[in-house]
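The chain contents come next:
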Amino acid sequence: MVEKTTPALEFWQRLNRNRLSTVGLLMLGLIFALCLITPWLPLPDPDVTDLANRLKTPLTSNHWLGTDELGRDLLSRLLWGTRVSLVVGFVATLAAALVGSLIGLVAGYFQGWIDSGLMRGVDTLMAFPYMLLALAIVAAFGPGLLNALFAIAIVNVPFFARTVRGATISLVQQEFVLAARIGGASHFGVLGRELLPNILPVIVVTISTTAGWMILETAGLSFLGLGAQPPTADLGSMLGEGRKLLFTAPHVSTLPGLVILILVISLNLLGDGVRDVLDPRLRGGALRSPQPRTEVLSTELSSSQVRSTGKLVVRNLTTELLQQGQAKPLLRNVDFELRPGECLGLVGESGCGKSVTALSLAALAASPPLQITSGTVELDGEDILRLPLRLLQDIRGKRVSYIFQDPLATLNPVLTIGEQLIQVIRRHQSLTSKASCAEALSLLSKVRIPSPETRMKAYPHQLSGGMRQRVCIAIALANRPEVLIADEPTTALDVTIQAEVLSLLNDLRQTTLENSQTVQRTGLSVLFITHDLGVVSTICEKVAVMYAGQIVEFGETQSILESPEHPYTQALLACTLRLGANHKVLGGIPGTPPPPGGYPSGCGFNTRCNSATSICQEPVNLIQLPSGRQVRCVLKQDANA
Amino acid sequence: MLRYTIHRLLLTIPVLVGISVVVFLIMALIPGDPATAILGAFATPENTTKLRAELGLDRPLIEQYFTWASNLLSGNFGRSYALNRPVLDELLERLGPTLLLAGSAMCVCVLLGLISGLLAAVKQYTWVDQGLTLFTLIGISAPAFWLGLMAVSLFTVQLGWLPASGMYTPYGDESLGDLLVHLVMPAITLGLVASSVIARLTRTSMLEQLRQDYVRTARAKGERETAAVIKHAFRNALVGLIPVLGLQAGFVLGGAVYIETVFQWPGIGRMLVNAISTRDILLVQGGVMIVATIYVLFNLLADLIQHALDPRIQQSHG
Amino acid sequence: MPEHLLQFDRVTKEFDLRKNWFGKTSKRFRAVNEVTWQVEPGTALGIVGESGCGKSTMARMAVGLELPTSGEIRFAEKTLGKWLKEEAMMLRRSVQMVFQDPSASLNPRQRIREILELQLQQLTDFRAEQRMQRMEEVLEQVQLPLATLERYPHEFSGGQAQRISIARALISKPKLLLLDEPVSALDVSVQAQILLLLEEMRKELGVTYVFISHDLAVVEQLCPRVLVMYAGSIVESGPTNQLFQQRRHHYTDLLIRSVPMPGKSLELKREEMADLKNPQGCAFRNRCPKANHQCSQDPILKEVSGSIGGHDCACHDPLSVAA
Ligand SMILES: Nc1ncnc2c1ncn2[C@@H]1O[C@H](COP(=O)(O)OP(=O)(O)OP(=O)(O)O)[C@@H](O)[C@H]1O
Ligand code: SF4
Ligand code: SF4
Ligand SMILES: [Mg+2]
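Chains as they are written, first to last, in this note's numbering: chain A, 1 to 641; chain B, 1 to 318; chain C, 1 to 323.
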């Protein structure tokens, strides 16, 4: 793969994809061009008064846009005024950016007393209402364009300083900066080579969002008579002069305002585009936010096939990622069944589509950009993917519930544990608030949280990781679900805590089984997702191995771990480390798992498989071996045939 | 909470000291002799000597500051020679109108900003969103004073609905109704402009929150969409927006300078502009000091509200 | 050759959690608590423990990214911080580090060539062609093609990026390499590749490793000796096999019993969740089945009776040797 894109080129391409910012850029270019050629345009001198032609309305001969109180040509004054405003605005922006960024960079990098000293000063400036500080500075130095510029620049320094300091602080702890320091880079080297290039985008974004402001502010000072002094034409002062004539000659004040508006709008349009391209945090703002349910394309009718004994039956599930007009498959015809009371493990390496599978089951996969293009998910024989939203919402959290990987991110940070638990209880059961509170308490003790009464009032960040995950489990079990989907619930936890949580989950599952009369039918079914084969063998009866969006092997946990049939499962087991096994692992699987959209055609594993042959380029089906094991590999097809 | 409030109140003291130093420096920075500059047209030798002694201009800068600051604390803001009255009297008279204008503008700003931002985010990329986006784009790009002028030319000149200037009709009965009629245009103009920033930030922040894991959790719990959006996403977005609202108070107080000028509103802003033109430095100092203090208090309030809303900072402050 | 390449001597590191109004510290967190250990040249020492137990802080002190609050760290018998200016470059060259997150440890705005070459410029006085030669050499060692040099970091997968990080660390021919969870962010299939590479490099180049991981099995692969840390203190140390098979400390025991493995189902005992605090005495007290009144005194790390090859444990009532 030859990558010809340099960062700069990529920036322009992405910027131009945003049509509005292109418009802004064009408008700005036009204004710039006009200002540049103004001296050579056949226009009257902007400062020459001609009292005979006072207050001409626009479109009079010789004066396209009319004249002002002193008979000066408005078009000419507007163009010259724009020049002044632009120059002042940009010089002020650059000055503020330079000084502010320097302060921010130094404060953020050195921290300690240098930081506190610099930031105390900055904070003091920030404690003034913006405009007021500018006024105060002008008051000291006296009205005038240069003083106004100076005032505006100073007022904006804190803004740059704060933003750049924040960005610097988050970068300083980044590993590449640490690596450079360990590599012997001097302070200057770290600042110049590691930090600055990575902070530049932040500075550019800040410039692009403040430039418009600065122009407005300079215009404002001139409007008040504190900036440009007569006879200099400046958009703000023209407006100020026109104000007195609002009742008689409104165009004198309307026009300069319009020009400011157009100028600043184009700056802001461009700025928005630049920000969307450069600021990764805001890039989300340009993306569409996920809808309440995943978009489901085809209208497949529920199973025409034989009724299955499965609690949750997944057939042909295909989920795609829509990116830049391209549909990249993430899941390809995923098929499996979850029996009542069974715990099924779904394993595979990062990016193989485990989470997408989990989320697709209750149409929770982020949509856009994901969409389910075919397949059904049947809960007791009813396709839930195509239910109306309200009915689907009645199933979520009641009959099918979820536990996710990162318990800190999945809990709402500003609500207490109790509030979040009670919420889900009352959503699905009509209980009084007192009864639901008691229910929440009993759930918390069921997941073995010590002193549940006090924990009810705690916020998520006040609990340890293991405790948070217990809360998530309590939330998931609150309405006695039939199916529990757990997406790597223990991956973020320390191994001793993981063992506790696994044992808890296992116990909770067993108790549900014991409590029910008809054991097989009503037990809690669990889909347990993990990348750790050890965890699987701890709590799953069955396991499905996933690779590149497909299930490649399915069967009893014990037997798969003892005698894997698929080459991928074999290789994966071979490179899984076992504590105390006293054997050295030899090398892993060559290459890396394919990225989404880059799944090879035919067998997904054919780029890394030792036994791959030319027939592996053709699609391979999941076939059932006599042992009951299901395998997706041509080698086994032959054996079976 | 009480401990935090006290802690936070104490923290405003150094900020106020910092502000007073900056305000003091304004006088120190004046090129030439401050006394002459301050007195301007009233600079008789006699006046100059008196003022010099009053300000202690012959003493070191530090000492001057302490004299000045202790005067401030005892309510002595000096005397405006141009107006021929104590600065404090003038300030107190004009404080009310400014607070009224800024307060009502703030209400407009908060309500309008939050609601339209929320709406735009939820209806992302529909005509509602695009309309609001265009509207707020104009809001952040148009000079507030120009919008004021345009409003006057529409509602006063063309339609004749609203009065163009002042707080009350001259020689009128100064009734509440009269006040409101005069307040509508300036407050809405100022609030509208200020709300654009809030609306845009609310939209971005909401979009960011909507893709957080806990919103997905809310959906996985079967919450209705309105609940997921309001109870979960918006609640969290609000936590981040409160300090911005505090900052926006600064924008409103600063913007009041223009709006008071445009609408001839008898507040501190207009007084400041006049004072700067006449180089009435003591009046400027007093005005800036008062408005900055109001702003600091506003930020204090925002901080306390945020503190009450966000459990995470509660812990880090203890 | 010095007897110990790297030595920690009663090293403590405290972080300021909160500062009061006057910038004075009002609350502290002790991340590393009076630890003493050393590593001999040419070996590999593993450090294991749960997240937040102070493993990374130790590594960062060893490379000079943090200064210890008290105690001494010695490299080649010479205290860090007491090196003369001329020797400082030698020290930098000799001690290098590899980080956990492969994508975060390469500057996104530099080509690989710049990243490697900068390191050489700063650490050696090689001329341009010598630098080129060294870069080629080290890329070959980590099994990456030469074309790698002209690429930007985002063009590489996690495993490849980690190879580049290793190349950068090795390029100055260091004597000691600190590896802070170098394979934790990788898939198992790639993790095994990197572990094999690290093992080969050590044999080939004779570098000494200090290998930090939360994963016991990974440490077992590479390190003949291991330290177990809990809440900032070393609770047990010794030869890896012996320590895993005849563990004496209750935390080590819990740790090992908690590791799930394919084919072995965990004996999932119903364990009560304890409130984690940082009490006086043995930090593991509130989770320990054998906690008793003595445990409110700090246990001392001392040699286990009848051990071979230096097996130490800090516990008042250690496990008896498993039969
Ligand atoms: N909302 C999304 N937008 C774009 N790509 C996505 C989205 N969700 C998932 N993907 C892509 O789909 C692929 C499969 O992702 P998935 O999260 O299911 O993997 P996984 O098996 O759960 O991996 P992990 O072990 O890392 O959790 C990944 O490559 C991921 O980048
Ligand atoms: S189908 Fe071919 S490439 Fe795929 S696993 Fe089987 S042998 Fe390997
Ligand atoms: S010192 Fe006491 S509490 Fe700590 S591990 Fe030993 S027996 Fe348990
Ligand atoms: Mg996942």
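A couple of the hints might just be wrong.
Claimed, not checked - Result set (DSS-like, lysine-lysine): computed pairs, CA atoms no more than 27 Å apart in a straight line:
#1 C:78 / A:584
#2 A:244 / A:56
#3 C:264 / A:584
#4 A:398 / B:50
#5 A:434 / B:50
To be verified - Computed beta-carbon distance windows for the label pairs:
#6 B:126 / A:297: 18 to 24 Å
#7 B:7 / A:450: 45 to 51 Å
#8 C:127 / A:146: 51 to 57 Å
#9 B:264 / A:117: 52 to 58 Å
#10 C:309 / A:457: 47 to 53 Å
Don't read these hints as lab results, they were simulated from the structure. Ideal Cβ positions, reconstructed from N, Cα and C, are used throughout, including at glycine.
To see whether the hints hold, each was checked on the structure:
{"no.": "1", "hint": "C:78 / A:584", "result": "36 Å, violated"}
{"no.": "2", "hint": "A:244 / A:56", "result": "16 Å, holds"}
{"no.": "3", "hint": "C:264 / A:584", "result": "18 Å, holds"}
{"no.": "4", "hint": "A:398 / B:50", "result": "83 Å, violated"}
{"no.": "5", "hint": "A:434 / B:50", "result": "75 Å, violated"}
{"no.": "6", "hint": "B:126 / A:297: 18 to 24 Å", "result": "21 Å, holds"}
{"no.": "7", "hint": "B:7 / A:450: 45 to 51 Å", "result": "31 Å, violated"}
{"no.": "8", "hint": "C:127 / A:146: 51 to 57 Å", "result": "52 Å, holds"}
{"no.": "9", "hint": "B:264 / A:117: 52 to 58 Å", "result": "44 Å, violated"}
{"no.": "10", "hint": "C:309 / A:457: 47 to 53 Å", "result": "52 Å, holds"}
Comparing the model with each earlier hint shows violations of hints 1, 4, 5, 7, 9; every other hint is respected.
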